[in-house]
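Since chain A is already given, all that's left is putting chain B with the ligands on it; use the hints.
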Amino acid sequence: MNSTEVLSHTDLSGPGGGGNPAQICLGCGTCASACPMTGIEGFDPRRIVRLGQLGRFEELGESSLAWLCTMCGRCQEGCPMDVRITDMIREARDLGGEKTVPQAIGKGIEMFMETGNNLGLPDEDFGFIVEDVAEELTEEPGFEDFVLPVDKEDARLLFTLHNKLVNTQNEDLKHWWKILHAAGESWTLPGSRWEGVNWGFFSGQDQVLKAGVDTIVGNMERLRSRGLMYPE
Amino acid sequence: MFDLLVEYISTQRIRLDRDRIKKKAVYHDPCNYGRKSEALFGHGYFHEPRWILNQCLEHWTDMQPNRARQYCCGGGGGLMLTPYEEQRKYYSRRKIEQIKNSRAELVVVPCHSCHGHIRAMLDAQGPASIEVKYLWEVVAEALVMD
Ligand code: SF4
Ligand code: SF4
Numbered sequence: 001m002n003s004t005e006v007l008s009h010t011d012l013s014g015p016g017g018g019g020n021p022a023q024i025c026l027g028c029g030t031c032a033s034a035c036p037m038t039g040i041e042g043f044d045p046r047r048i049v050r051l052g053q054l055g056r057f058e059e060l061g062e063s064s065l066a067w068l069c070t071m072c073g074r075c076q077e078g079c080p081m082d083v084r085i086t087d088m089i090r091e092a093r094d095l096g097g098e099k100t101v102p103q104a105i106g107k108g109i110e111m112f113m114e115t116g117n118n119l120g121l122p123d124e125d126f127g128f129i130v131e132d133v134a135e136e137l138t139e140e141p142g143f144e145d146f147v148l149p150v151d152k153e154d155a156r157l158l159f160t161l162h163n164k165l166v167n168t169q170n171e172d173l174k175h176w177w178k179i180l181h182a183a184g185e186s187w188t189l190p191g192s193r194w195e196g197v198n199w200g201f202f203s204g205q206d207q208v209l210k211a212g213v214d215t216i217v218g219n220m221e222r223l224r225s226r227g228l229m230y231p232e
Numbered sequence: 001m002f003d004l005l006v007e008y009i010s011t012q013r014i015r016l017d018r019d020r021i022k023k024k025a026v027y028h029d030p031c032n033y034g035r036k037s038e039a040l041f042g043h044g045y046f047h048e049p050r051w052i053l054n055q056c057l058e059h060w061t062d063m064q065p066n067r068a069r070q071y072c073c074g075g076g077g078g079l080m081l082t083p084y085e086e087q088r089k090y091y092s093r094r095k096i097e098q099i100k101n102s103r104a105e106l107v108v109v110p111c112h113s114c115h116g117h118i119r120a121m122l123d124a125q126g127p128a129s130i131e132v133k134y135l136w137e138v139v140a141e142a143l144v145m146d
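If you're matching them up, the sequences are chains A and B in order.
Numbering (this note's numbering) for the first sequence: 1 to 232.
Numbering (this note's numbering) for the second sequence: 1 to 146.
Note that these hints are calculated values from the structure, not bench results.
Fair warning: there could be bad hints in the mix.
[Unchecked claim] Derived DEER-like restraints, expressed as beta-carbon distance ranges:
(1) A/V213 with B/P83: 24 to 30 Å
(2) A/D214 with B/D19: 43 to 49 Å
(3) A/R224 with B/T11: 20 to 26 Å
(4) B/K24 with A/V150: 23 to 29 Å
(5) B/E131 with A/D132: 21 to 27 Å
(6) A/Q207 with B/A124: 33 to 39 Å
(7) A/D154 with B/T11: 20 to 26 Å
(8) A/G127 with B/R94: 23 to 29 Å
(9) A/S33 with B/M145: 36 to 42 Å
(10) B/A128 with A/D132: 43 to 49 Å
[Said to hold, decoys possible] Computed list of chain A residues with no C-beta within reach of chain B, every gap over 10 Å:
(11) T30
(12) I40
(13) R50
(14) L68
(15) E77
(16) M111
(17) A134
(18) E139
(19) E221
(20) E232
From a predicted model like this one, the values you see are computed outputs, not experimental measurements.
Note that the Cβ used here is the ideal one computed from N, Cα and C, for glycine as well.
Chain A on its own, in the form it takes in the complex (with noise of 0.2 Å):
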């Protein structure tokens, strides 16, 4: 989404309207009391508005007004005109720069666009891991025969995967294995360009955004997949 979408989307035709969201904001303080943020240095959603109002999503997103918000939507479950200040925050972040965005999202962002994944780890080491636990999975009593589906062509489900189970916590990879398993499920992993975190997402850069949608439908049609589990 586009700066103009997101003002086009509560604009406000007319005299005084001016095509800002936050142009009809009441300043009710709704969005305020329903933050679990406000309070703390200064932080209020209706600062985030005002910035909106006056155009200054730059300004925003360089704060840290744009990166305290967690963008949970709660203020504006109960926003009375429907303001939509997680959009504004995306926005920002994205206006904001690069320079702006934290070190360790920036970093793994860094790390996708060159590798395929956060981490930027390997197609042979993940294989490695990902097979090791696979291989511990068979001693566990009812899962003897489990064999790990790594790009498997025709599979009705192609599944991403979180890139801390590769990383530090390999053992969280077994449960969903398991269910499967149980289950006689026709699915795959994809051995290569496997992540399923898109820190597009958190950045508000819609380039990585669809850089990381762009993976898992490459991987979808190299493997023929009929269906995705994203459980990212």
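This is chain B with the ligands only, laid out in the frame that chain A set:
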């Protein structure tokens, strides 16, 4: 994910034993699957996870408030990865209060971010003895294999 689990359970592609997990559990609605999904797609996944939990264990409860009014865990929007650690803890105090008030010994979440964040916050400021599990982890533990 919820739909797939509901499909497996309701068509008996998997069978579950409700007596394995004895701890009293509490369910947390992630913003993205609940409130935001409802606002964006017209359907919030509030009912499905609760139905799934009913099939997996005997004792579980809801936080107050819940569903669309649920508090965010505090890890959303990438906040978990920002340098604002103190602010994050402050934000999450609400979640910790909700968990404590529920008197549960186990928090069940269907989201990787919420899982990581609630675990970290319980370790930092809440009773660290409270467990955090994924919804699908609870399903996997209740699986009957024969
Ligand atoms: S709840 Fe809506 S109308 Fe009220 S102050 Fe917040 S943004 Fe403005
Ligand atoms: S979306 Fe941001 S501003 Fe709105 S309630 Fe959540 S944290 Fe507060």
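Each hint, compared with the structure:
For the pair A/V213 and B/P83, the supplied restraint of 24 to 30 Å holds, since their beta-carbon distance comes to about 28 Å. Evaluation of the 43 to 49 Å hint for A/D214 and B/D19 yields a pass: the beta carbon distance comes to about 46 Å. Under the hint 20 to 26 Å, the C-beta atoms of A/R224 and B/T11, about 25 Å apart, fit the expected range. Judged by the Cβ atoms, the range 23 to 29 Å given for B/K24 and A/V150 is violated: they are separated by roughly 39 Å.
The supplied range of 21 to 27 Å is met by B/E131 and A/D132, whose beta-carbon atoms lie about 25 Å from each other. In this structure the hint that A/Q207 and B/A124 lie 33 to 39 Å apart at CB holds, the actual value being about 35 Å. For the pair A/D154 and B/T11, the beta carbons lie near 22 Å from each other, so the given range of 20 to 26 Å is met. The given range of 23 to 29 Å is broken by A/G127 and B/R94, whose C-beta atoms sit roughly 42 Å from each other.
Checking the proposed 36 to 42 Å range against A/S33 and B/M145 shows it is violated: the Cβ atoms sit about 49 Å from each other. Here the CB-CB span from B/A128 to A/D132 is close to 29 Å, at odds with the stated 43 to 49 Å. A cut-off of 10 Å between C-beta atoms confirms that A/T30 is not in contact with chain B; the least separation is 13 Å. Distance check on A/I40: its Cβ comes as close as 5 Å (rounded) to a Cβ of chain B, failing to clear the 10 Å threshold; non-interface status is violated.
Interface exclusion of A/R50 from chain B stands, the closest Cβ pair being 20 Å apart, more than 10 Å. Non-interface call for A/L68 relative to chain B: violated, since the shortest CB-CB distance, roughly 6 Å, does not exceed 10 Å. Chain B draws A/E77 into its interface by the beta-carbon criterion, the shortest separation being 6 Å against a cut-off of 10 Å. A cut-off of 10 Å between C-beta atoms confirms that A/M111 is not in contact with chain B; the least separation is 13 Å.
Residue-level check passed: A/A134 sits 15 Å from the nearest beta carbon of chain B, beyond 10 Å. At roughly 14 Å, the least C-beta separation between A/E139 and chain B is larger than 10 Å, which holds for a residue marked as non-interface. The Cβ of A/E221 lies farther than 10 Å from every Cβ of chain B, with a closest approach of about 21 Å, so its non-interface assignment holds. For A/E232, the non-interface assignment is contradicted: its Cβ lies about 6 Å from the closest Cβ of chain B, within the 10 Å cut-off.
Hint compliance for this structure: hints 4, 8, 9, 10, 12, 14, 15, 20 are broken, all remaining hints hold.
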